[in-house]
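Chemist: Here the protein sequences line up with chains R and C, keeping their order.
Under my numbering, the first residue of the first sequence carries the number 1, and numbering increases by one thereafter.
Under my numbering, the first residue of the second sequence carries the number 1, and numbering increases by one thereafter.
No wet-lab data here; the hints were simulated from the structure.
Hints are not guaranteed to be accurate.
Stated by the list, open to error - With a straight-line cut-off of 25 Å between C-alpha atoms, the simulated DMTMM-like cross-links for lysine to aspartate or glutamate are: (1) C:Lys-291 x C:Asp-179; (2) R:Lys-151 x C:Asp-381; (3) R:Lys-100 x C:Asp-425.
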Amino acid sequence: MLEIKNLHASIDGKEILRGINLTVNAGEVHAIMGPNGAGKSTLSNVLAGRDGYEITQGEVIYKNEDLLALAAEERAQRGLFLAFQYPVEIPGVSNVYLLKAALNAVREYQGLDELDAMDFLTLVRSKLELVQMDEKFLNRGVNEGFSGGEKKRNEILQMALLEPSLAILDETDSGLDIDALRIVSDGVNALRSPDRSIVMITHYQRLLDYIVPDFVHVLSDGRIVKSGDKELAKELEKSGYSWVNEESAGLPA
Amino acid sequence: MKPSVRQLPEVATPFASVAEALNVDQMPWLTELRQQALKQFNSQGLPSKKVEDWKYTSLWGFGQQTFNHDALVHAVTAEQVEQAALLENSYRVVIVDGQFSSALSQLDNIEDGLTLSSLSTGAAQVQQHLGQQVDIAKAGLTALNTMLMKDGIVITVAADTVINKPIELLVINSGATDDLAVHLRNVLVIKQNSKATFIEHYIGLSDQVAMTNVVTEVVLDEAAELEHYKLQQESDNAFHIATLAAKQAAKSNWHTNNISLGAQFARNDIHSRLEGEQSHTTMDGLYLVNKQQHVDNHTRIDHLVPNTTSNELYKGVLDDESHAVFNGKVMVHKDAQKTDSNQKNQNLLLSRGCEIDTKPEMEIYADDVICGHGSTVGQIDQDQLFYLRARGLDEVTARSLLTYAFAVDVLERIPSPEIKAALADVIEQRLPRGGAAA
Numbered sequence: 001m002l003e004i005k006n007l008h009a010s011i012d013g014k015e016i017l018r019g020i021n022l023t024v025n026a027g028e029v030h031a032i033m034g035p036n037g038a039g040k041s042t043l044s045n046v047l048a049g050r051d052g053y054e055i056t057q058g059e060v061i062y063k064n065e066d067l068l069a070l071a072a073e074e075r076a077q078r079g080l081f082l083a084f085q086y087p088v089e090i091p092g093v094s095n096v097y098l099l100k101a102a103l104n105a106v107r108e109y110q111g112l113d114e115l116d117a118m119d120f121l122t123l124v125r126s127k128l129e130l131v132q133m134d135e136k137f138l139n140r141g142v143n144e145g146f147s148g149g150e151k152k153r154n155e156i157l158q159m160a161l162l163e164p165s166l167a168i169l170d171e172t173d174s175g176l177d178i179d180a181l182r183i184v185s186d187g188v189n190a191l192r193s194p195d196r197s198i199v200m201i202t203h204y205q206r207l208l209d210y211i212v213p214d215f216v217h218v219l220s221d222g223r224i225v226k227s228g229d230k231e232l233a234k235e236l237e238k239s240g241y242s243w244v245n246e247e248s249a250g251l252p253a
Numbered sequence: 001m002k003p004s005v006r007q008l009p010e011v012a013t014p015f016a017s018v019a020e021a022l023n024v025d026q027m028p029w030l031t032e033l034r035q036q037a038l039k040q041f042n043s044q045g046l047p048s049k050k051v052e053d054w055k056y057t058s059l060w061g062f063g064q065q066t067f068n069h070d071a072l073v074h075a076v077t078a079e080q081v082e083q084a085a086l087l088e089n090s091y092r093v094v095i096v097d098g099q100f101s102s103a104l105s106q107l108d109n110i111e112d113g114l115t116l117s118s119l120s121t122g123a124a125q126v127q128q129h130l131g132q133q134v135d136i137a138k139a140g141l142t143a144l145n146t147m148l149m150k151d152g153i154v155i156t157v158a159a160d161t162v163i164n165k166p167i168e169l170l171v172i173n174s175g176a177t178d179d180l181a182v183h184l185r186n187v188l189v190i191k192q193n194s195k196a197t198f199i200e201h202y203i204g205l206s207d208q209v210a211m212t213n214v215v216t217e218v219v220l221d222e223a224a225e226l227e228h229y230k231l232q233q234e235s236d237n238a239f240h241i242a243t244l245a246a247k248q249a250a251k252s253n254w255h256t257n258n259i260s261l262g263a264q265f266a267r268n269d270i271h272s273r274l275e276g277e278q279s280h281t282t283m284d285g286l287y288l289v290n291k292q293q294h295v296d297n298h299t300r301i302d303h304l305v306p307n308t309t310s311n312e313l314y315k316g317v318l319d320d321e322s323h324a325v326f327n328g329k330v331m332v333h334k335d336a337q338k339t340d341s342n343q344k345n346q347n348l349l350l351s352r353g354c355e356i357d358t359k360p361e362m363e364i365y366a367d368d369v370i371c372g373h374g375s376t377v378g379q380i381d382q383d384q385l386f387y388l389r390a391r392g393l394d395e396v397t398a399r400s401l402l403t404y405a406f407a408v409d410v411l412e413r414i415p416s417p418e419i420k421a422a423l424a425d426v427i428e429q430r431l432p433r434g435g436a437a438a
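Chain R on its own, in the form it takes in the complex (with noise of 0.2 Å):
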């Protein structure tokens, strides 16, 4: 599904991702985690294909394409999916209009007719429920006035609705108390799928209380510095991350 080989990424000549390498195939939920500043939030973006960044060294296959090569909206269109740390306010554009120009870019990707107005809004009424949210959240403005957690339910409900292949969710959590934690895992967890892969990006152990990881890498300093299965994150918590910053100290540049 996706390989990220020797990454190397800068913003504004100044190296934050410096070699990651990882495999993520078909089916399996990665955690991948970290302190502050070790280039979580830059992977991700870079991923997704945000402007700003420089690819100094390393590629990215993405079913067997190169990712680095497609803009942002081409790499939604083939079904990679970014969830927001910090969802955007798009006050004017309603989120259902963004929900159908989001789901038909991606049918005509694939070849497929736009759905019409009834069997879309059947579709979307079902992930609704997924994601308890009311209907009233669609005629509103794109997360313009919602709640930290809302903004997060909004985004997993844009997941359940586009059905991506590939989904990063980048600090999920953060913001969430503990029943809007349970309500956007649940719906995460509705979604795992044999052909579906999920990357989770957290600071925090506690997210992966709800949904558990096949695999738990460490990125520290711009490089996965440790991976294992979920006892990893466990004894991350036990430890905190300069355990980890201890021991990867010995490895060379």
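Put chain C on the given structure of chain R with help from the hints.
Modeler: Coordinates of chain C only, in the frame set by chain R:
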């Protein structure tokens, strides 16, 4: 400020010969008005950039142009009219190349209490109002209009009457006559407790050079209401000059909405006088310009008595090398206590080459008022753009959508759902990915 006098521009030359034709209406009072206007125009000419109100807008290009004042045969079909009209269901008054066309108009089953006529037949009805809301001594272009006005619409609504169907004045330039100049005068008198909806719609069918110079005078009696829309879609080579002025009695409500999309050069002067208590003006506008277009909106609201309110929102989207000017003045006079006034101008710049000059102004001579104003200039938000692209929308579509989202609150304030929808369509078509947005 006294308009500066300068040498009479080329534009005046053909007009001087029109002097003999000032008696065209064969109404002595109107001939007298035209003669006064001629005198005023000859003494002041067109305003130069030295006049504060014309600081950012030059009439030089306009002054270089020689215009024709007589239209050739105009060939506009009923199908073209149907296509050009904003609304399907309306009283439609059609003016082609400066002349009222009864054949192309749609004036069946006029509701009781409403009279609609062209200026050429209806001027006598509004003798006491014509020329009262504008000052030919202050505005050269209004003087020009007054001496040469040929047609337009006269609307009166009797007291205690609600006119349900909107009235669309469709002004078409067919392009059949080279460099045609058209001077129109509209007069609307809405009597007490009455209500009407009026759309002035200007459209060009070719890219012919043309000039439209229109003056619209509005009289709102006590508790009268007028929804007043103006949609300007003239050709890229057109000069469009419009003056709208209203006086408002107590409890009256003038809701204006001024959408400027076309013309190489467009200037709107919009003025309301709140003369009666509890009267209200809404002054909204939207300008979408690109290429080398120039649009200048000057608005003025005079709060003359206590307890009046006004609310103004002008939004602009500028692309390429276009230039827009916004100058909104709110005057709160000495006696106008408890005035509540809010004015906003917001601009979205889509290119490096465009220019906006914005000047919201308030002059307040009363001490117990609530007044606020402000202006903003911004660009497409990169985070919003990335968010949309990350959801699969290509860049052009995403930009169009964000542009529409910026402009939409001017549309949201439109009271009539039917007109709101029609204008939303027009705006969407104007965006780079027409129709794909919203």
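Chemist: Please go over all the hints and tell whether each is borne out by the structure.
Modeler: To see whether the hints hold, each was checked on the structure:
no.: 1; hint: C:Lys-291 x C:Asp-179; verdict: holds, 21 Å
no.: 2; hint: R:Lys-151 x C:Asp-381; verdict: holds, 19 Å
no.: 3; hint: R:Lys-100 x C:Asp-425; verdict: holds, 19 Å
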